[in-house]
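Novice: Chain residues, written in single-letter form:
Number of protein chains: 2
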Amino acid sequence: ENDASGFNNVLEIDLGNKKKLAVREFKGNTLIDIREYYTKSEAPDKLLPGRKGISLTPEVWKEVVKNVGKIDEAIKKL
Amino acid sequence: ENDASGFNNVLEIDLGNKKKLAVREFKGNTLIDIREYYTKSEAPDKLLPGRKGISLTPEVWKEVVKNVGKIDEAIKKL
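Sequence order for the protein chains is A and B. With the first letter of the first sequence counted as 1, position 18 gets the number 17 in this note's numbering; the numbers rise by one all the way through. With the first letter of the second sequence counted as 1, position 4 gets the number 3 in this note's numbering; the numbers rise by one all the way through.
These are computed hints drawn from the structure, not numbers from a lab. Keep in mind that the hints are not guaranteed to be accurate.
Repeated chains share a single entry, so a pair holds when one copy, or any two copies, can fit it.
What the hints assert, rightly or not - With a Cα cut of at most 27 Å, we get these calculated BS3-like pairs of lysine-lysine:
hint, residue 1, residue 2
1, K76, K39
2, K17, K69
3, K76, K26
4, K51, K17
5, K26, K75
6, K51, K69
7, K45, K26
8, K61, K26
9, K17, K45
10, K45, K65
Just chain A, same shape as in the assembly (with noise of 0.2 Å):
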């Protein structure tokens, strides 16, 4: 669905933890976004996009996939 910024999201998943990954086209552009999400008192149900977040590129996201089993193995040294 295209809503009114001209986000088109094809992929939505919830990461836990009130964050989400998202993947959308913006302007024929391809975005790749992990993201924080907040609720108003008045609207606590609306889950609204917070400052806390970053869009990746698909070339910086096969960075991230390319390199997850060594992240993995840092992950469980600690």
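Once you have looked at the hints, place chain B on chain A.
Specialist: Below, chain B alone, put in the same frame as chain A:
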């Protein structure tokens, strides 16, 4: 190494596009931080962490990894 802030980076990956992924330990908690960096003109070699970024717990990171196939599929469709 431990820096003045108490963060202990155990892994740092250059993702390109001025972005890095770091696995770090802070007060006994493991964090996976994906962040944009910037430089100041007076110290062009010193990368400084920027505002755009997010720190994930290992549980949230696990959800990202679990969904890599689905995410890559969505990217390919765009």
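Novice: Against this structure, judge whether each hint is valid.
Specialist: Status of the hints after comparison with the structure:
{"no.": "1", "hint": "K76 <-> K39", "verdict": "neither (39 Å within a copy, 34 Å between copies)"}
{"no.": "2", "hint": "K17 <-> K69", "verdict": "both (26 Å within a copy, 20 Å between copies)"}
{"no.": "3", "hint": "K76 <-> K26", "verdict": "between (42 Å within a copy, 15 Å between copies)"}
{"no.": "4", "hint": "K51 <-> K17", "verdict": "both (11 Å within a copy, 17 Å between copies)"}
{"no.": "5", "hint": "K26 <-> K75", "verdict": "between (39 Å within a copy, 16 Å between copies)"}
{"no.": "6", "hint": "K51 <-> K69", "verdict": "both (25 Å within a copy, 23 Å between copies)"}
{"no.": "7", "hint": "K45 <-> K26", "verdict": "within (25 Å within a copy, 33 Å between copies)"}
{"no.": "8", "hint": "K61 <-> K26", "verdict": "within (21 Å within a copy, 30 Å between copies)"}
{"no.": "9", "hint": "K17 <-> K45", "verdict": "within (12 Å within a copy, 33 Å between copies)"}
{"no.": "10", "hint": "K45 <-> K65", "verdict": "between (34 Å within a copy, 26 Å between copies)"}
When the structure is compared with the earlier hints, a violation turns up for hint 1 alone.
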